[in-house]
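This is what each chain is made of:
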Amino acid sequence: MPAKVLAILVLAFVAGFALASCGGAEGEVTETTQTQTTTETDTERTPTTTEEEPTVVRVTVTGGAPDGGIARETVDKGDRVVLVVSSDVADEVHLHGYDISRDVPAGGTVRIQFTANVPGRFEVELEERGIQVADLTVEP
Amino acid sequence: MTPLAHGIGGFRDLPVPESFFFATAAVVLVVSFIALGALWSRPLLESHAGGRALPRGFQAVLLSRVLRIVIQATSAALFVLVFAAALFGTTVEIENLAPTFVYVVFWLGLPLLSVTLGDVWRVLSPWRAIADATVWLLELGGREARPLLAASERLGRYPAAAALFAFVALELAHPRPSYPRTLAVAIALYSYWALAGMAVYGRDAWTRGGEGFAVAFGLLARMAPFAVREGRIVVRWPLTGLGGAEKVRGTLVFVGVMLGSTSFDGFSRTSVWQDLIADVRARLVDESLRVSDLAVTAVNLVGLAAFVAAVTVTYLVAVAVARRLVRAPRSLVPDFVLSLVPIAFAYLVAHYFSLFVIYGQYALALASDPFGRGWDLFGTAGNVPNISLLAPNTVWYVQVASLVVGHVAGLAVAHDRAVALFERRGDALRSQYPMLALMVLYTVGGLWLLSRG
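Sequence order for the protein chains is A and B.
Per our numbering, the first sequence starts with residue 1, numbered consecutively.
Per our numbering, the second sequence starts with residue 1, numbered consecutively.
Don't take each hint at face value.
[To be verified] Partial selection, computed: residues in chain A whose CB lies under 7 Å from chain B:
#1 63
#2 70
#3 97
#4 111
#5 114
#6 115
#7 119
It is worth saying that the hints were derived from the structure and are not from the lab.
Note that CB positions come from ideal geometry on N, CA and C, so glycine has one too.
Based on the provided sequences and hints, a complete structural model is requested.
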């Protein structure tokens with residue numbers, strides 16, 4: 001008997017949990033559109049050659065996923081970094097930790113420029129989709 | 001909108017450098033072998049668990065009905081506030097109190113409180129408070145409040161393990177665990193689970209076996225230097241509450257969920273797992289986001305379950321080997337399971353210490369503006385978190401120190417059980433070889449996860 005009651009409790013819980021899992025995506029997401037993107041460089045890295053030249057991290061997003069996988073870059077503390085994200089879907093590009101966000105329109109490009117003065121590993125995400133596109137390591 | 005991916009985070013510690021890794025692993029090995037020979041030969045923990053009662057004055061105040069009611073009412077009010085923020089507050093995660101409260105203040109703060117002060121969740125649990133109030137009202141109306149069913153021994157802690165797994169699945173497998181509305185649904189569901197279970201099986205029985213957080217914090221609290229025994233608060237040596245065998249069924253799986261989920265969280269942030277997830281996304285680029293989300297959730301769930309299973313199975317293997325070595329007449333599974341509790345806590349500290357310190361600061365600002373409506377109730381809304389508060393070095397030292405201390409504590413608990421169990425010192429020692437190997441595996445494994453980029 002107790003097992004039966006528990007089974008009912010569990011079922012209700014599981015059903016609800018599944019609901020919770022779907023609930024998040026509701027109403028905030030538009031279907032992904034397939035725009036043809038020019039197949040140029042996936043992620044182009046420009047090493048810091050001179051003091052003034054910033055490290056450029058370039059990401060092209062197609063259908064919500066970064067071309068060629070997550071872009072990874074390691075810089076030293078104090079370096080200047082420019083993050084260039086081109087996306088075929090509208091979303092918000094968010095650099096965690098430094099907490100810099102920029103909206104990107106469908107087919108548009110955003111640039112986030114900053115000085116990497118905090119060491120750590122930082123994810124760059126398409127906020128609304130919760131998809132990671134880049135991973136920046138700042139060495140102390 | 002996910003500043004708090006992985007439950008929370010999005011920025012992580014730098015990997016522990018190789019030199020730290022090897023130095024710590026070496027220390028762990030040496031300490032382990034020394035411990036084998038040098039530790040006490042008669043059981044100490046269980047006999048010291050009684051501790052000493054605090055002075056009468058403290059008892060009267062700390063255990064008073066008034067204090068309990070005040071704390072429970074505050075906790076219930078806070079619960080309503082967090083739930084309301086999740087339900088009605090802004091959907092910008094970092095500006096809503098609920099995600100930071102649930103994943104940082106609650107889920108990281110309470111283990112810390114439990115290990116230092118004892119089983120505080122008994123009075124802090126809002127669900128317990130609501131249940132207590134309901135019973136009180138029923139009795140006031142002259143009705144008797146009794147559980148519908150007798151607690152079942154057979155179920156043990158399995159329901160609690162399932163509940164905790166559901167929570168860590170939301171935190172670690174869901175693509176947007178911090179989205180406030182998702183969190184609102186999850187809070188509603190968990191509340192249903194906690195309250196319905198208490199109504200069916202009784203408050204105490206469900207607290208012991210069904211309410212996942214109560215079981216987790218309760219197990220951690222057994223490491224604490226304070227406890228309530230026979231209606232009195234006692235002060236005692238840390239870890240003494242972990243002496244003796246733990247016969248309640250499902251305890252191993254429960255601890256497996258605790259340890260497995262923390263280690264999966266570490267693993268899921270390595271480039272291996274990140275790339276796997278990105279690859280799944282890339283393959284499903286032509287599908288709708290919902291399909292790709294479901295696939296990512298499924299892959300994460302498999303990974304999470306695999307880590308829980310790995311912890312459980314390696315323990316079972318170690319214990320089976322120990323049994324053969326000493327030709328024990330019965331299974332030793334219940335005897336050493338509590339020695340994993342300090343390791344589970346060490347994992348929590350190592351993985352989440354920096355997150356707690358950094359994101360805990362957000363709570364200060366959010367307290368003034370829980371719904372993200374631009375309020376400033378306490379004048380702290382403008383408080384900007386200092387994300388460079390912890391130097392990478394500090395974080396690494398805390399991480400390796402907590403793993404080593406957890407390892408030694410686990411060894412001590414297992415050793416104490418072994419000398420209590422076996423009359424011959426040779427048997428006690430032999431039973432500890434596989435346990436030692438297991439703990440070295442867990443500790444070095446945990447360390448390895450921290451050293452991966």
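Would the hint on residue 115 of chain A be counted as holding, given a Cβ-Cβ threshold of 7 Å to chain B? Violated - the Cβ of residue 115 of chain A stays beyond 7 Å from chain B, reaching only about 12 Å at its closest.
Hey, does the residue 111 of chain A contact hint survive, CB to chain B under 7 Å? Because about 20 Å separates residue 111 of chain A from the closest Cβ in chain B, which is outside the 7 Å limit, the hint is violated.
Interface restraint verdict for residue 97 of chain A against chain B (beta-carbon cut-off 7 Å): holds, 3 Å
Let me know if the C-beta of residue 70 of chain A comes in closer than 7 Å to any C-beta of chain B, holds or violated. holds, 5 Å
Interface hint compliance - residue 63 of chain A to chain B, C-beta minimum distance less than 7 Å: Since chain B brings a Cβ to about 4 Å from residue 63 of chain A, closer than 7 Å, the hint holds.
Quick check on the hint: residue 114 of chain A CB to chain B CB, less than 7 Å? Result: violated, 13 Å to nearest chain B Cβ.
With 7 Å as the cut and Cβ atoms as the points, is residue 119 of chain A at the interface with chain B? holds, 5 Å
In this structure, the earlier hints numbered 4, 5, 6 are contradicted, and the remaining ones agree with it.
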